[in-house]
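Student: Sequence:
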Amino acid sequence: MAFLPDRGGLVGFILLVVLLLEGHFRWVAAQHCVWYDECGESEKVPGKKYNCNYTGPPKPLAPEGYDLLTELCPGYDYGSRNLCCNVDQLRTLKGSLQLPLQFLSRCPACFSNLMNLFCELTCSPRQSQFMNATNINESNVLEVQYYIGQTFSNAMFNACRDVQAPSSNVKALSLLCGKDAKDCNATNWIQYMFDINNGQAPFPIIPVFSDVPVAGYIPMNNKTYGCSEGLEDGSGPCSCQDCTNACGPKPVPPPVPPPWTINGMDAMTFIMWISYTAFLFVFIGTVVAAWCYRKRTITSEYGPILDSNNPLSLNSDNPDTVKASCCETLGERFENTLRVVFSFWGSFCVRNPGLVILTSLALVAISSGGLVYMNITTDPVELWSSPGSQARQEKDYFDSHFGPFFRTAQLIITTPLNSTFIYSPYIGGSDVPFGAILDKDILFQVLDLQLDIEALVATYEDQNVTLKDICLAPLAPYNDNCTILSVLNYFQNSHDVLNHSTGDEFYVYADYHSHFLYCVSAPASLDDTTALHDSCLGTFGGPVFPWLALGGYDSTNYNNATGLVITFPINNYLNDTVRLGKARAWEKEFIRFMKDFKNPNLTIAFSSERSVEDEINRESNSDISTVVLSYGIMFIYISLALGHIHSGRRLLVDSKISLGIAGIFIVLSSVSSSLGIFSYAGIPLTLIVIEVIPFLVLAVGVDNIFIIVQTYQRDERMPQEELHQQIGRILGDVAPSMFLSSFSETVAFFLGALSNMPAVRTFSLFAGLAVFIDFLLQISCFVSLLGLDLKRQEANRLDIVCCLKLQNEQETKTDSILFRFFKKFYAPFILKQWLRPIIVAVFVGALSFSVAVVNKVEIGLDQKLSMPDDSYVLQYFKNMSQYLHTGAPVYFVVEDGLNYSSLEGQNAVCGGVGCNNNSLVQQVYSASLISNYSTIAFTPSSWLDDYFDWVKPQSTCCRYYNTTGAFCNASVVDPSCVHCRPLTQSGKQRPVGDDFMHFLPMFLSDNPNIKCGKGGHAVYATAVDVYPNNTKVGASYFMTFHGIMKESSDYIDALKMARMLAENISQSIDHKVFAYSVFYVFYEQYLTIAYDTAFNLSVSLAAIFVVTTVLLGFEIWSAVLVCVTIAMILVNMFGVMWLWDISLNAVSLVNLVMACGISVEFCSHVVRAFSISMKKTRVERAEEALANMGSSVFSGITLTKFGGILILALSKSQIFQVFYFRMYLAIVLLGAAHGLIFLPVLLSYVGPSANKAKVLAANKRFIGTERERLLNY
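Start counting the sequence shown at 97; every next residue gets the next number (my numbering).
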């Protein structure tokens, strides 16, 4: 019996066969095309063609297309060369993908995935599986649907999302997605590439994304490569810069160090509180213990004087038996030598006034003659940066290899209008708010202003100068349009383009709103993909990045901008004074025009390269009247205060107006002599020298004048003593003190010239010499003049009108009111037993406070302070910090010597495939990821990476005429133009050796165009210093930008971080790399300002200590007390600076060095008077020193300066108000307080013991004279 299958099984078997056959026939049916070949011209995109409708099977590719297929779709020959495309379609595909090729091929995985997408679309023999022609017109395919796997789309996007565009410091997708890279995703990127409005797609291609079949179509979901994977053809993974997955973890900035605190309180404050409390405890305990001891042991306050056993008692039976130490004896002999020498000299000057005065005048005239050669430096670089400093050397290196950094003229424009308006896109989407500054009417007014500025004509040496003569034109001579970084360059600076719109009577499809929104997302685009099809590139041939042209927006919402920034880069010239003069002339005309410009709808802040220097010069000129008035008040006071009027009748006899004027003339002569001598030596002056040194020398000189004159006024002539002998004796007494202070200051200033800061060094040199010349003139010329004036006075002749005289009458000598006040009231009061501890406690408390805040004084100089109150630049500085969204460019310069022709040299620098992970570009890129810490805002532009993309054989960029070998631009259509490198495996590699240098000059001369956006002329023409005859690459730079910088601390941090990064790069690549930005030369000083301040002040104090020790007769303790007091004054100056918001910079450092010098005047005279006093107790000696010298110091420095300083408060200059009025006032008040209050009290406690040898010498010297009675007092 035969076997019969079960009926149900048979049916199932038949169904299975039918299904398999149906699937087979569907699969066979699927093997047909949607199009083949090219037909009619595209109506929407001129120059493009539609594909021909064709639903037959794939056709064999013609042999001439084999190489093209291998080039465009390597590895995708589909098993055979039967395709749905022909050679013409492959050529069209190649042309359409040139820009993506140039920007994305630096990441092989990204570009491979992208080519997969387009190769499958164009040529796949399985087109009908994932493509549906939805609109066919006769033979033309007018629209298709392209079913794409969502997995494929996401993978392709993820492989490309991080790829950089080195020339523009942005991600490549910002240029290829139609919007900013951060807003780009897989869906809208593919939609943009297939959008007919992008200028490349000849007809709409509608992408449909799905991972599962849709309506019978199976989405194209080919294999993709991740950016961190290598390809089958041997291409390596993408670099870290182009692929986050290849980088490892994102760099993390180190944590901000927490503030130093103790128990929640600032550590310095806590420490000083504890220290001050401990000091008070110990000090008060010691004072109380000493007071109790004295109460118990001393029965009579005259005990120390009457005690014959006291070696210093003048009642001792045999004073010759008192033994002085060797050091005391040496000091007395040195003191006596000075006294004898100065006494002889003083007598000589009085006896020979004509010789001394004429000789002095001759020497002053000769010295001052150097003023003919005077050169005043106003160049900020010369003022603040030492020629040997790192920043200065790096600037010189940059300028010599790449040319100086360009000059700029800039506008920051806002509007008083507060209205915002809403733009509703025609194609749908959410409404977009626009700020008032982006209103079309406002933009038209701004454009009118911009065009007027472009049309400005200046005159230089009878030649007309326009902006085109001096501006930066990167594509010249092919395109001589000036670079203007303005939002209006999105509209090619044209009213017509700004007004361009398209639509019908019902809707506006596109206008300036849509164009603006596109261009801020893709500023390098040649087509905005809207219905306008306008370019975003500026007329100068380059992109205008929105962060450079807009201000006041949040995040990247540029439509919310509240300000427009227009920048005119102007060529700078290193050693070409003529062209530099033309640039300055045009800038001057620009400033004049902007000052006169008025528009009620626009508020404009503006500045040019010369603005700061011009305003500083104007400020200096405007402050001349203030300074002259200040000095005038001091001169009047000196002239009147020198005289000691005994009675109203003798007013014109006893006055010293002429002598005061002569003293002032001597001070000014010393200043002019110092300036002249250094001018002979070719040392340039600075404004600081001219403004500060007269003040300093006036303080020192007038003090000495008052000491000489007032000592004479208090002295009584001895019997048979002539005038010249009396003046000689007086000079012998006071000149050592004058010599002490002047020589201390001179040495201190000259040592201060060791500073690396030009402003401090120049000031110290001029000041040291001026002070010493002033001293020499005072002990010679002024002494002679004093002798003549006293002879006039003794002859009862009138001051000034010396030909008239009063009747002879007996002159009665009386002490001056100020001297009597100091002697009878002030000195005894200050040194009262109950008051002295209070004074010490107060001054030590002030010292403790100042120490606690020393580290809190701000470092830097707010540039706004350098401007006058009424300067237009102040508003510019304010708007700059408010509206600008990026900082200055920073260049990482690779010094000459790196071999770029070798793979090792290339890998050390580049940022693409195969480059080292610690290469220069990669490290700067990594720093940009933590910009808040590193201050590096963007990925660097890299000429080397763009050169590699430009020279690839797949690109149309690098071509040459095979007949001449000359470069052939990509826009040229000529069959004799051939690719630079063959489309072989070796040709696809980077050029090395001779190949590298052969094509590099072509790259650097190539202007970017629509077929090749990688041409290096516009961006890199100055970035590479090529050796003569193109034999080698010398120095080169890689540019990026700092983040926004508003305060001095931001600039200092930026410099510090850039140098740290450059040092890391240098170590990594074993070659010198440095960071350079235009502001580094000005802010480098602040990296070491704390050290420089400590060094300068320490050296000055050390010099004062040594000189004081020697000139006080080797009394080391006296020198210590002088230096301690001066140090307290300086530390208290820092306390005042913190309280009064005075920052530490070169100007304030000059003032601190000057304060050190002036403090010597407040202290040394009192200490010397104390050291030579013959009183018995420290309190009495301190009282005598304060009475004798205090009045002269007070009238000579404090009162003289006080009136003049108050006038400085009226200055229009903020720098005068802050750094001169405030600091000078603090110097004088602190100096007077320490010298006339604290120092006498300090001496009364711990002053040096009386020099026994000096006391014995004084006893012997005064025996038999009128002063003998003082010995018995």
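Honestly, I wouldn't trust all of these hints.
27 Å max Cα-Cα, derived DSS-like pairs, lysine-lysine [claimed, not checked]:
1. K684 <-> K694
2. K155 <-> K319
3. K684 <-> K919
4. K691 <-> K919
5. K691 <-> K974
It should be emphasised that the hints constitute simulated quantities derived from the structure, not laboratory data.
Student: Determine for every hint whether it applies to the structure shown.
Tutor: How the hints compare with the structure:
no.: 1; hint: K684 <-> K694; in the structure: holds, 18 Å
no.: 2; hint: K155 <-> K319; in the structure: holds, 25 Å
no.: 3; hint: K684 <-> K919; in the structure: violated, 62 Å
no.: 4; hint: K691 <-> K919; in the structure: violated, 61 Å
no.: 5; hint: K691 <-> K974; in the structure: holds, 17 Å
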